[in-house]
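Dock chains B and C against chain A, hints included.
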Amino acid sequence: MEKIISLSSDFGVDNKGIAVMEAVALGICPDVKIFNMSHGIPFFGISQGARVLEAVTYLPVGCHVMVVDPGVGTERRGIVIETGRGDKLIGPDNGILLPATRFLGGFKRAFQLKNDKYYRNPVSPVFHGRDVFTPAAAHICNGVKLEEFGPELKQEELAQAPYVEAKVEGNKITAQLIDINNFGSPFLNIMQTVMHELFKPGDVIKASLNGKQFDLPYKRTYGEVKVGEVLLVDDDFGRVELAVNQGFFIDKFNAKVGDTIMLEKQE
Amino acid sequence: MEKIISLSSDFGVDNKGIAVMEAVALGICPDVKIFNMSHGIPFFGISQGARVLEAVTYLPVGCHVMVVDPGVGTERRGIVIETGRGDKLIGPDNGILLPATRFLGGFKRAFQLKNDKYYRNPVSPVFHGRDVFTPAAAHICNGVKLEEFGPELKQEELAQAPYVEAKVEGNKITAQLIDINNFGSPFLNIMQTVMHELFKPGDVIKASLNGKQFDLPYKRTYGEVKVGEVLLVDDDFGRVELAVNQGFFIDKFNAKVGDTIMLEKQE
Amino acid sequence: MEKIISLSSDFGVDNKGIAVMEAVALGICPDVKIFNMSHGIPFFGISQGARVLEAVTYLPVGCHVMVVDPGVGTERRGIVIETGRGDKLIGPDNGILLPATRFLGGFKRAFQLKNDKYYRNPVSPVFHGRDVFTPAAAHICNGVKLEEFGPELKQEELAQAPYVEAKVEGNKITAQLIDINNFGSPFLNIMQTVMHELFKPGDVIKASLNGKQFDLPYKRTYGEVKVGEVLLVDDDFGRVELAVNQGFFIDKFNAKVGDTIMLEKQE
Numbered sequence: 001m002e003k004i005i006s007l008s009s010d011f012g013v014d015n016k017g018i019a020v021m022e023a024v025a026l027g028i029c030p031d032v033k034i035f036n037m038s039h040g041i042p043f044f045g046i047s048q049g050a051r052v053l054e055a056v057t058y059l060p061v062g063c064h065v066m067v068v069d070p071g072v073g074t075e076r077r078g079i080v081i082e083t084g085r086g087d088k089l090i091g092p093d094n095g096i097l098l099p100a101t102r103f104l105g106g107f108k109r110a111f112q113l114k115n116d117k118y119y120r121n122p123v124s125p126v127f128h129g130r131d132v133f134t135p136a137a138a139h140i141c142n143g144v145k146l147e148e149f150g151p152e153l154k155q156e157e158l159a160q161a162p163y164v165e166a167k168v169e170g171n172k173i174t175a176q177l178i179d180i181n182n183f184g185s186p187f188l189n190i191m192q193t194v195m196h197e198l199f200k201p202g203d204v205i206k207a208s209l210n211g212k213q214f215d216l217p218y219k220r221t222y223g224e225v226k227v228g229e230v231l232l233v234d235d236d237f238g239r240v241e242l243a244v245n246q247g248f249f250i251d252k253f254n255a256k257v258g259d260t261i262m263l264e265k266q267e
Numbered sequence: 001m002e003k004i005i006s007l008s009s010d011f012g013v014d015n016k017g018i019a020v021m022e023a024v025a026l027g028i029c030p031d032v033k034i035f036n037m038s039h040g041i042p043f044f045g046i047s048q049g050a051r052v053l054e055a056v057t058y059l060p061v062g063c064h065v066m067v068v069d070p071g072v073g074t075e076r077r078g079i080v081i082e083t084g085r086g087d088k089l090i091g092p093d094n095g096i097l098l099p100a101t102r103f104l105g106g107f108k109r110a111f112q113l114k115n116d117k118y119y120r121n122p123v124s125p126v127f128h129g130r131d132v133f134t135p136a137a138a139h140i141c142n143g144v145k146l147e148e149f150g151p152e153l154k155q156e157e158l159a160q161a162p163y164v165e166a167k168v169e170g171n172k173i174t175a176q177l178i179d180i181n182n183f184g185s186p187f188l189n190i191m192q193t194v195m196h197e198l199f200k201p202g203d204v205i206k207a208s209l210n211g212k213q214f215d216l217p218y219k220r221t222y223g224e225v226k227v228g229e230v231l232l233v234d235d236d237f238g239r240v241e242l243a244v245n246q247g248f249f250i251d252k253f254n255a256k257v258g259d260t261i262m263l264e265k266q267e
Numbered sequence: 001m002e003k004i005i006s007l008s009s010d011f012g013v014d015n016k017g018i019a020v021m022e023a024v025a026l027g028i029c030p031d032v033k034i035f036n037m038s039h040g041i042p043f044f045g046i047s048q049g050a051r052v053l054e055a056v057t058y059l060p061v062g063c064h065v066m067v068v069d070p071g072v073g074t075e076r077r078g079i080v081i082e083t084g085r086g087d088k089l090i091g092p093d094n095g096i097l098l099p100a101t102r103f104l105g106g107f108k109r110a111f112q113l114k115n116d117k118y119y120r121n122p123v124s125p126v127f128h129g130r131d132v133f134t135p136a137a138a139h140i141c142n143g144v145k146l147e148e149f150g151p152e153l154k155q156e157e158l159a160q161a162p163y164v165e166a167k168v169e170g171n172k173i174t175a176q177l178i179d180i181n182n183f184g185s186p187f188l189n190i191m192q193t194v195m196h197e198l199f200k201p202g203d204v205i206k207a208s209l210n211g212k213q214f215d216l217p218y219k220r221t222y223g224e225v226k227v228g229e230v231l232l233v234d235d236d237f238g239r240v241e242l243a244v245n246q247g248f249f250i251d252k253f254n255a256k257v258g259d260t261i262m263l264e265k266q267e
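Residue numbers (this note's numbering), protein chains in the order written: chain A, 1 to 267; chain B, 1 to 267; chain C, 1 to 267.
Don't read these hints as lab results, they were simulated from the structure. These numbers come from a predicted model, not from an experiment. It is possible that part of the hints are untrue.
[To be verified] Calculated cross-link-like contacts (lysine-lysine; reagent style BS3-like; alpha-carbon spacing at most 30 Å):
1) C:Lys-3 with A:Lys-33
2) B:Lys-3 with A:Lys-33
3) A:Lys-3 with B:Lys-3
4) B:Lys-33 with A:Lys-3
5) C:Lys-33 with A:Lys-33
6) B:Lys-114 with A:Lys-200
7) B:Lys-33 with C:Lys-117
8) C:Lys-256 with B:Lys-226
9) C:Lys-200 with A:Lys-117
10) A:Lys-226 with B:Lys-256
11) A:Lys-33 with B:Lys-33
12) A:Lys-256 with C:Lys-226
13) C:Lys-33 with A:Lys-117
14) B:Lys-3 with C:Lys-3
15) A:Lys-145 with C:Lys-33
16) B:Lys-252 with C:Lys-3
17) A:Lys-200 with B:Lys-117
18) C:Lys-114 with B:Lys-226
19) B:Lys-3 with C:Lys-117
20) C:Lys-200 with A:Lys-114
21) A:Lys-252 with B:Lys-256
22) B:Lys-3 with C:Lys-33
23) B:Lys-33 with C:Lys-256
24) A:Lys-117 with C:Lys-3
25) C:Lys-33 with A:Lys-3
26) C:Lys-3 with A:Lys-3
27) A:Lys-114 with C:Lys-226
28) B:Lys-252 with A:Lys-226
For reference, chain A alone in the conformation it holds in the complex (with noise of 0.2 Å):
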């Protein structure tokens, strides 16, 4: 594993949080490589946060932090996640981390974050971030042991994810809106291997939305369809993407993170 550390967080973009993160890396490990993937989650968006973190795909083996954490100061345990193809995944135990295993190879194990003697002291109650999370990404890569940071933990132990993945019965796919980009089209947890089993880019898909039924043509990029007028796309980062070309697609449905989209093959 190269000596990489991704910040994500829901503090915005403007937050003075995010270089002090960065210093304390630093100061622990002064030749790690870091990687804002994103600061702009919504505020406590669990489920957009586990979306973000799935991209770490596209960056090398590393140590992931994920500062979404409405539970901070309370019981809620910090956790570190291994997955199968080496990342740390580092936050929260409150589901955030786990979706983004799928896509890096599984689960592999977890450990408690419980060590003090990793920890940034004193600790703020309000800031774990700063004083768990990202000291125990340097700590990784300066070489500690997962094993050295607390018991380890089964992952039925963990809090539950935010999304599972979309189900799928004959013909037809029943997925969860999942995240919201800034263009405001949705993602769904629906992986581009299972939608290419049952669709494919040119098919023109029945669809059920917040009791709306209307038909969504399966495109390959959004000019193939009018200005103004809705697709499904593959996204571009492995799931697919409900989009209007040129437009809001949550403001034509008032759709929102956590809705349900009924996907049917035509007959």
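Structure of chains B and C alone, referenced to chain A:
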């Protein structure tokens, strides 16, 4: 040329795609230095993006990637333009790269990015920033010749620039609003060198914008007019700026990118 | 002192001027490490900017540039302040640099940035961040002595700080709202060390703000009150924070930076 890449886009500064483009660049050229110029260009804002790219004048000679790309996935070409100064401007062939060449020693030559040997494969139909443009920049930093990427293109074969330079006739300049900053101040397509041939700080200019005629003091700094009053100043990037001292110009004049303004010398 | 520069401004995080300041710093001092503290300080927000700068306590000793500069282009001075810890605080003489000195070992000495040998020339009248402050920081990293920049200034010659420390009288603290975070929570000009002399977590404080009197529980973390209830907590940067658990404090109290709050011990 140093190993320098700058990245700009309309993704929004909180977008995970930025870190992913950085990782792609570093994966191909590990010792490249990356600058993020702006990722807050308005969605599909070709004029505003062109203005952002002009500011690479203040960066070292390098590879400058611009991803404002409404035509991604259609037949529009990906291109690299070499400037007189030695920069390589990389992005979609939609005109956005051309205005910067006037600040960078002029247009020297251009090539299509056609050779998929230099793509990140498979190429997403919706994210050429990651899969085509950033890899091209990193390969150029590694010494790949522009001729390797695809056929040479003449300037007249390229899509038109979103703006040309302002028109000077006698005592009058007809200019265009090409970008607006976070403080609501518009920038004009007038180079300071051109401005200084006709006007000098201290002049009061006859101005006409959106049906309103008004006196426009040409000043050195905002503080030389009263709070709330309009003025024209040399901006900080080689052009001129309309502003209201401690106010928002665009609200006062209902102005937007693309509007035309006339500036005329008082008799 | 390591070769460290931090940059902060009210430019907006999407502003191309940030990368340009980075390029200027690296052009002068190629091995400097740059941190971006915050570029989302409210436009002309001197109090909020001063609060951001206090957080460089968590960065290594270095040169910290702060560009919130309503007086740019007027006669206001550019200055560098050396702190007891060894930091160099660089920016306009408008008070914004002073509060941080209380966290950094105190005010040691100050100099005017007058020597144009250390400017980037020509100096834009509207962008001293690029042409005066960042070059000064980079030259200091290169070993230039503070005396080289211009005449020494006594603290009493400098513009006043936007806030002083809260006033403690008997059982009462009169404090000021000095900054507000993205979650609508205000920070007070009370150091935790001062707070802890009068109050302890678990106390319920009598508070008065904008004509409203209310009980204010002083807690360790947000989760110790019910969702929607107000509380006071030690913040994560050495001061105290007003908050609503999973809500926005400022909306509830119509509060803004500069407001006064009274905290009094219950009998």
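Going through the hints against the structure:
| no. | hint | result |
| --- | --- | --- |
| 1 | C:Lys-3 with A:Lys-33 | holds (17 Å) |
| 2 | B:Lys-3 with A:Lys-33 | holds (17 Å) |
| 3 | A:Lys-3 with B:Lys-3 | holds (22 Å) |
| 4 | B:Lys-33 with A:Lys-3 | holds (17 Å) |
| 5 | C:Lys-33 with A:Lys-33 | holds (12 Å) |
| 6 | B:Lys-114 with A:Lys-200 | holds (26 Å) |
| 7 | B:Lys-33 with C:Lys-117 | holds (27 Å) |
| 8 | C:Lys-256 with B:Lys-226 | holds (26 Å) |
| 9 | C:Lys-200 with A:Lys-117 | holds (27 Å) |
| 10 | A:Lys-226 with B:Lys-256 | holds (26 Å) |
| 11 | A:Lys-33 with B:Lys-33 | holds (12 Å) |
| 12 | A:Lys-256 with C:Lys-226 | holds (26 Å) |
| 13 | C:Lys-33 with A:Lys-117 | holds (27 Å) |
| 14 | B:Lys-3 with C:Lys-3 | holds (22 Å) |
| 15 | A:Lys-145 with C:Lys-33 | holds (29 Å) |
| 16 | B:Lys-252 with C:Lys-3 | violated (45 Å) |
| 17 | A:Lys-200 with B:Lys-117 | holds (27 Å) |
| 18 | C:Lys-114 with B:Lys-226 | holds (27 Å) |
| 19 | B:Lys-3 with C:Lys-117 | holds (29 Å) |
| 20 | C:Lys-200 with A:Lys-114 | holds (26 Å) |
| 21 | A:Lys-252 with B:Lys-256 | holds (26 Å) |
| 22 | B:Lys-3 with C:Lys-33 | holds (17 Å) |
| 23 | B:Lys-33 with C:Lys-256 | violated (41 Å) |
| 24 | A:Lys-117 with C:Lys-3 | holds (29 Å) |
| 25 | C:Lys-33 with A:Lys-3 | holds (17 Å) |
| 26 | C:Lys-3 with A:Lys-3 | holds (21 Å) |
| 27 | A:Lys-114 with C:Lys-226 | holds (27 Å) |
| 28 | B:Lys-252 with A:Lys-226 | violated (36 Å) |
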